[in-house]
Structure formats: structure tokens, C-alpha cells
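Please model the complete structure; the sequences and the hints are all you need to start from.
So the sequences go chain by chain: A and B. Counting from 1 along the first sequence, just add 16 to a position and that's the residue number in the numbering used here. Counting from 1 along the second sequence, just add 1 to a position and that's the residue number in the numbering used here.
Warning: the hint list may mix true and false statements.
[Unchecked claim] Some chain A residues flagged as far from chain B (calculated, every beta-carbon gap over 12 Å):
#1 TYR30
#2 SER49
#3 PRO63
#4 PHE209
#5 VAL211
#6 PRO220
#7 ALA221
#8 GLU227
#9 GLU234
#10 LYS242
#11 MET306
#12 ASP349
#13 LYS371
#14 ASP402
#15 TYR423
#16 ASP447
[Unchecked claim] Cβ-to-Cβ under 7 Å is the rule here; a few derived chain B residues that face chain A:
#17 SER63
#18 ASP143
#19 SER156
#20 PRO221
FYI, nobody ran anything at the bench for these hints, they're computed from the structure. The C-beta atom is built at its ideal place from N, Cα and C for all residues, glycine as well.
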Amino acid sequence: MSEQVTNAPTVEDYLNPLARPELQPDSMKELHSFEASPEHQDKLGFPGELVDNWHDVAIDKMGDLLTKYRGFRVYMDSCVKCGACTDKCHYFMGTGDPKNMPVARQDLLRSVYRRYFTTGGKYFPKLVGARDLTEDVLDEWYNYFHQCSQCRRCSVYCPYGIDTAEVSMAAREIMDTIGKGQKYCNEIIGKVFDVGNNLGFPTPALEATLESFEEDLEDETGLEIKMPLDKKGADILLVTPSADFVAEPHIDGLMGYAKVFHAAGANWTLSSTASEAANFGMFIGSYENMRKVSMRIREAALELGVKRIIFGECGHAWRVAYAFLNTLAGPFDFLDPRYPVPQHICEYTWDLIEKGELKFDKSRNDKYRLTYHDSCNVARATRMGDTSGGQFEIPRNILKATCNHFYDMAEDTIKEATVCCGGGGGLLTDDLMDLRVKGSSPRMTALQNVQKEHGVTHMAAICAICKSQFAKVMPKFGFEMDNILSVHQMVSNAILLEGAKDPDDDDDDDDDWVPPTPPPRPPRGSAA
Amino acid sequence: MLTTIYAILFYVATLTFVGGLALRIKQYWSIPAPLKIATTPAPTTTRGVWFRMFKEVALFESLFKSNKWIWVFGMLFHAGLALVVLRHFRYFTDTTSLIWVWVNWIQPFGLYAGFAMLAGLGGLLVRRIVVPRIRYISSPSDYLMLIMLMAIGASGMMMKYVAHTDIVAVKQFFRGLMFFDWQPLPADGPLLVHLSLVALLMIIFPFSKLLHAPGVFFSPSRNMVDNPREQRHIAPWAAELEK
Numbered sequence: 017m018s019e020q021v022t023n024a025p026t027v028e029d030y031l032n033p034l035a036r037p038e039l040q041p042d043s044m045k046e047l048h049s050f051e052a053s054p055e056h057q058d059k060l061g062f063p064g065e066l067v068d069n070w071h072d073v074a075i076d077k078m079g080d081l082l083t084k085y086r087g088f089r090v091y092m093d094s095c096v097k098c099g100a101c102t103d104k105c106h107y108f109m110g111t112g113d114p115k116n117m118p119v120a121r122q123d124l125l126r127s128v129y130r131r132y133f134t135t136g137g138k139y140f141p142k143l144v145g146a147r148d149l150t151e152d153v154l155d156e157w158y159n160y161f162h163q164c165s166q167c168r169r170c171s172v173y174c175p176y177g178i179d180t181a182e183v184s185m186a187a188r189e190i191m192d193t194i195g196k197g198q199k200y201c202n203e204i205i206g207k208v209f210d211v212g213n214n215l216g217f218p219t220p221a222l223e224a225t226l227e228s229f230e231e232d233l234e235d236e237t238g239l240e241i242k243m244p245l246d247k248k249g250a251d252i253l254l255v256t257p258s259a260d261f262v263a264e265p266h267i268d269g270l271m272g273y274a275k276v277f278h279a280a281g282a283n284w285t286l287s288s289t290a291s292e293a294a295n296f297g298m299f300i301g302s303y304e305n306m307r308k309v310s311m312r313i314r315e316a317a318l319e320l321g322v323k324r325i326i327f328g329e330c331g332h333a334w335r336v337a338y339a340f341l342n343t344l345a346g347p348f349d350f351l352d353p354r355y356p357v358p359q360h361i362c363e364y365t366w367d368l369i370e371k372g373e374l375k376f377d378k379s380r381n382d383k384y385r386l387t388y389h390d391s392c393n394v395a396r397a398t399r400m401g402d403t404s405g406g407q408f409e410i411p412r413n414i415l416k417a418t419c420n421h422f423y424d425m426a427e428d429t430i431k432e433a434t435v436c437c438g439g440g441g442g443l444l445t446d447d448l449m450d451l452r453v454k455g456s457s458p459r460m461t462a463l464q465n466v467q468k469e470h471g472v473t474h475m476a477a478i479c480a481i482c483k484s485q486f487a488k489v490m491p492k493f494g495f496e497m498d499n500i501l502s503v504h505q506m507v508s509n510a511i512l513l514e515g516a517k518d519p520d521d522d523d524d525d526d527d528d529w530v531p532p533t534p535p536p537r538p539p540r541g542s543a544a
Numbered sequence: 002m003l004t005t006i007y008a009i010l011f012y013v014a015t016l017t018f019v020g021g022l023a024l025r026i027k028q029y030w031s032i033p034a035p036l037k038i039a040t041t042p043a044p045t046t047t048r049g050v051w052f053r054m055f056k057e058v059a060l061f062e063s064l065f066k067s068n069k070w071i072w073v074f075g076m077l078f079h080a081g082l083a084l085v086v087l088r089h090f091r092y093f094t095d096t097t098s099l100i101w102v103w104v105n106w107i108q109p110f111g112l113y114a115g116f117a118m119l120a121g122l123g124g125l126l127v128r129r130i131v132v133p134r135i136r137y138i139s140s141p142s143d144y145l146m147l148i149m150l151m152a153i154g155a156s157g158m159m160m161k162y163v164a165h166t167d168i169v170a171v172k173q174f175f176r177g178l179m180f181f182d183w184q185p186l187p188a189d190g191p192l193l194v195h196l197s198l199v200a201l202l203m204i205i206f207p208f209s210k211l212l213h214a215p216g217v218f219f220s221p222s223r224n225m226v227d228n229p230r231e232q233r234h235i236a237p238w239a240a241e242l243e244k
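Okay, structure coming up:
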């Protein structure tokens, strides 16, 4: 312990993860993610390209949304420009572009709202900051509403709860309606309709992948741990992001779910038609598309005759599942009423842990000194368990039950104040890489601080987008791409399954095996 | 003549203020919120939502989390304004009657509140000018709104501390308006400025960002109960899609 004192970092070693940048007006103005092709647009019921009378159609659509979404109307009217949100967006902190301040982003749309829908804006546009909808304004909409990850951090700090996510969803819906959609989101939604998942991963490939995972699990444990697909009469339908089938560290999380189900003796299945938990319909603010994507899950549950639905680790997906699924695809009166619909895999696992039904050898995770990234939409748009704030406690409880070294990052960057990974809300595309790296910097700085203070080596998350985003951007901040982990990967490592072979059996020296010592503390300031 | 102009002005202002606000509230009320979008952690019961809303409206809880300077100035202004408005009840009510006796009690507090209000507004105006982030998001109307409120406060306080107005006559004027029995209004400069700006404020209230006052109560991220799994929530237009 004395070493910790002598090596204790001083204040200068830490950078403030939430530092306010110098204003750099219009520095991100040109960042234009690829637009959707006519083919992508068509599948979602949107015009293929910019319609001739786009100006009138856009204003009509805005008027339509103002009568359908109370939040949108109230948020357009209520902002007093107090400035409370101005320093709260990770994209503003990372870029310094004032149009990435939440209020300024909203004002791109609000200025047009005022011009066409308010008395002040109709007669005194200059006075109240109202402006006509022009091609330049439309370009600004496209570029800056695709620099918002809909993470809701600003809405926590707004005295009226104005949620920029709602505003950016409305803006994207207006743009889709006039034929100016974004390729990344719309192409993916099309794949869900065609194939069943975001990655366009066909059923035979999915079958083969799951079989190979079963073989891996058997090699590792000596047990037949199943990953059933389309199994009729199963009790539990697991809906998980398709990244869990193909990407790291997502796959290790999927292995973890399978082991938990195995340990609980659960009769579960995946579905080939609902082989995707994410619902990008939310990103584009399209109720109809979000509903259509959600209905696949209802249909799969009916088709397979399951009693419960459980969602895998996925952030925005958990928002649509927890907060919207009952609305979009309910009522779920055909499922077992003893369980919430849907449940989160973390709720399921933690419940088993609390009942004492899972056993762990925490020392197997001793090579990890761990922190936890609260995924934005889980933190600020959902809940887990029965009590408010369970979405913060349950994943942490699971991590503390499965590993010995856990340290939280700074309080103003976690839980409801968590800073987004920088890749959510339809921005996880290479054409926005510059923004993604800049937007992740507050989180990365907070991580560097716990690395210095506690020797933290790894960060766990429960969101497919967070995991993919961090794997990509962490190397730019002095970390390895595998420093990001799945929460259920920790479960998978530590869980003790009955009849399983000891994972250390292959080692020659397993009798005198000792937990690896934590990696040496990095020299002061090395990662800054 | 002066009395007639101000009498009509205040009838118009009152009608615009009450009618405009009522229409706006009816509009907010009638637009559905199709999805559960409470900012979490959120209360899981209706009672909890009332408590959350109370903390938001009375204590500016979210603003406190956000920025202590804006919170201090905002609180000084709003709390000051609330007390000042309550103090003004004495110009409209019979303070000898038992129902209105509290109006007498708060008179001294109302006086200090005037200074608090001006200090808060001044702080907000200075921030709007000197903080580059806030200057960037400010329109002319944002400055003018603060300046107008400061002018209302300053002209009101002038009548107390600099050039006294015949306050008994002012009360008779307003009581006269209320009972349609017009009484003459004193022709004092500060009073006329004060009353003109207050009438203007009432007229623009339902058409401006001052709508944040009713708006906060209708904000779905603050007023929704966190129970989407327990209770199905569906808007009428969304239910149509299911047919």
C-alpha cells in the first residue's frame, strides 16, 4: 500500500475529462456522413432522393410532428437559452464547435420552427432568431443532426428536461421524409427487414457460427453448452445484438449468457428472424419503422411459443426494449406474467447470483483491473430491477461478484452523468471517424485518470455499439483494442459450472498457480 | 385620457395573457406523448413524479446539477419575482379581510426581494454578454427580455425609494378595473413606465420563451412515470397503426 502513496498521482497528472474547449465555430461544418441511396430509402418507405418541393414537404412534416409528439412541441417552445447545457455534450467537448452545444443543435431546428410556426418568428424573425428553411439550413441539419448520438446527457442538466435526442430524431425524420436519409442507419434497417439483423447475417451462417461457439465452449469446459436457434417450445427467447455473433469482445459476452443459462438449467433459444436486438428505427425517429422492427420480436415469441423474452447486452436496444417494446409490439399477455417483459440479461444473471445459484472463482479475473462504462441509453432512458437506479447497480454488482479489482471512474462521468462512447445514435460508421474519436475523448480521459490512480487496465460495457466504438478508438488514446470487455465476459471467465474441467488443467504448473499480479502502474502522466 | 389608455391596455394584456396561456396549455395537453421518455433514473410512481416536479419547479434541481452560477442567478431572480408578485397582491385585494391578511405579513420580504430579483437578472445579463458559449446562443430577444424585466424591477423600486407615487390611487385604479368602475391613474413617469412594461410582458408571455413556465410541467422527460413494462402506454394515433 505504501507504494500507492508514494506513486500517488498529483493533481497535475489528471486532465479534466469534462474540460470546456475554446469555441471553434463551424469547425465540424463539413462533416457529412454518406447519404442513403434510393434503394435504401425505398425499403423504409421514404422517397429515394430529395423531392422537388422539399421545402414545403419539410415544413408540413414538422407541423405533423408538432401535433404528434408533445415533447417536440414543448421543447421547441420552452428553451430560455440559459446556457446550462452548453458544456454538457461530449461532441462539443471534443470538437469545440459551438453548433455541437445541445442548445445550438436544437436551435438549428428551432429557428425554422419559430419562422413558420410562431407569431414572433413570422413578424420579427431577426429579433427572435428565426430563419427561413434554405438549402444551407438543410445542409446544416444533415451534418449536425448526424453529430448527435442521442445520449440524453444534455436532458439531465436542462431545467426543463429538453432532450436533444428527441429534437435530432424529429430532424432526421423530416429529412428522411424529403428524401435526404443517412446511409448507415437506413441501409441497416433495410437489412433487418430483409434478413433479420443489422449485419445482414443469413440464417445458415448464423447456424454455423453458433455451432462453432458450442464447440469452443465444449473445448473450454468439457460440457455440452448449447446455443439453440429457433427451438420451438423453449421457455426463454434471447434477443441479442447481431454483433454478439461476430465481433470481439461481444462474442465473449454471448458465451457468458450461454454459460449462465446452462448453469440455471434454462430452456432457451435464439431466433433467426429476431436475430437482432438493436432497433435503428429509433435513431431516425421513425415510429413506423421502429414498430415494424419491434414486431419481429413479438412474432418470433409467438412462433416459438416462449414464456419470457430476455435482451442481451445492447444499449439503445435496451431503451427500445425496456421503454418502448410494450407500446410498439405489446401487449405481451401471452407470456408468463411472473416476469417483466422484456428482461435484461443482467437482471436475469443478477437474480441468479442473489439466489446463490451461480458460483464464481473471482481470481480467474485477477488479471483485470476493471472499471465500468455506463452506456448512455441504459443509464438515462431505462431501468433494471425494481428500484430506480438499478441500471447502475446491477451491472456493477455483477462485476463485483465476478472480479476482485473494480474501480469506478469520476462521479461526474458515470451513472446518470455518463459520457457517451462517441459512436451511438447511428454514428458508428467510418465516414464519421473524426467525430467518433473526438467525441470519445471525455470518456477516454476519465479512463486514463483511473488508469493512473488505480492501475485500471480494462473497461467493461453492456452495449454493442460502445464495445465496437471503444475497440476502434481506444488505440488512439494509448490503450489496446481489447481493453474493452463485455460484462458477461467477466461472468464467463469466473463462473464455476458443475462438471466442468478446470480451465487451468492444461497448465503444467497448476498446483502452484497464483493469480497474476496486477500490471505495474504506468509512469506518471504517460498516457496523458 | 391616460386612465382610458391604461385601462384598455390592461384589459387587453390580461385577456392576451390568460387567453393565450390557456390556449397554449390546452394545446400541450391535447398533444399526445406517444412513447415513454422519462429521463432516468425516474420515479416509478405518480406520487414520485409530483415530488420530482416539485424539486424541479421550486428548487431548480437539474439546473443545480448543471451550473451553480446560473442556478444562483436564476434562483435569485425567480424567488425574488415570486415574492414581489405576492407583495403586489396588496394593490388588488382587500388586505383587511381574513383571506388576504398574509399579504401584509410578506410586505417587508417583498421589498428585499426586489433587490434579489435585480441582482439575479443582472447576473444573468452579464453572463449572457461575457460567457462566449452563452453569447453564441443569444438572440436580440434574449437580451431584451432581461433588460425589460430589469426595467420593470427598477421602475418599480424607484417608486419606493426615489419618487413616491400615490399608491392609494394606484390601488383604486386597479380595483376599479376589476369591478368595471374606472378610477383615475396618477400620471407619474416611473409608474407609467412600470405599468407599460408589465402590460407588454403579459402580452408577449404566451408567444415567447416565457412559455417555459407552463412548458416544464408538460415536459415528458420530467413528468412521466417510469413504468413502461408494467403498464402499456399508447397514443391514439399510434393505436391506429395497429388496426
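key: Given as non-interface: GLU234 (chain A), which should sit over 12 Å from chain B by C-beta   = About 36 Å separates GLU234 (chain A) from the closest Cβ of chain B, which puts it past 12 Å; holds.
task = Run the C-beta distances from TYR30 (chain A) to all of chain B and say if the shortest one exceeds 12 Å.
result = Non-interface label stands for TYR30 (chain A): nearest chain B Cβ at 21 Å, farther than 12 Å.
ask   = Is the Cβ of PRO63 (chain A) more than 12 Å away from each Cβ in chain B?
value = 21 Å, holds
key: Assertion that PHE209 (chain A) lies outside the chain B interface [Cβ separation over 12 Å]   = About 17 Å separates PHE209 (chain A) from the closest Cβ of chain B, which puts it past 12 Å; holds.
Cβ separation check - GLU227 (chain A) to all of chain B, threshold 12 Å = Holds: least Cβ distance 34 Å, greater than 12 Å.
query = Do the numbers back the hint for SER63 (chain B), that is, is its least Cβ distance to chain A under 7 Å?
reply = Holds - the Cβ of SER63 (chain B) comes within 7 Å of chain A, reaching about 5 Å at its closest.
ask   = Going by Cβ atoms, does LYS242 (chain A) stay more than 12 Å from chain B at every point?
value = Its Cβ never comes within 12 Å of chain B, the nearest being 28 Å, so this holds.
message = Using the nearest Cβ pair, does SER156 (chain B) come within less than 7 Å of chain A?
response = 22 Å, violated
key: Status of the hint placing PRO221 (chain B) at chain A (closest C-beta pair under 7 Å)   = 4 Å, holds
task = Check the non-interface label on SER49 (chain A): least C-beta distance to chain B beyond 12 Å or not.
result = 24 Å, holds
request  = Could you let me know if the closest chain B CB is still more than 12 Å away from the CB of ASP447 (chain A)?
outcome  = Holds, since 27 Å exceeds 12 Å.
key: Exclusion check [ASP402 (chain A) not at the chain B interface, CB over 12 Å]   = 8 Å, violated
Checked against the numbered hints above, the structure breaks hints 11, 12, 14, 19 and satisfies the rest.
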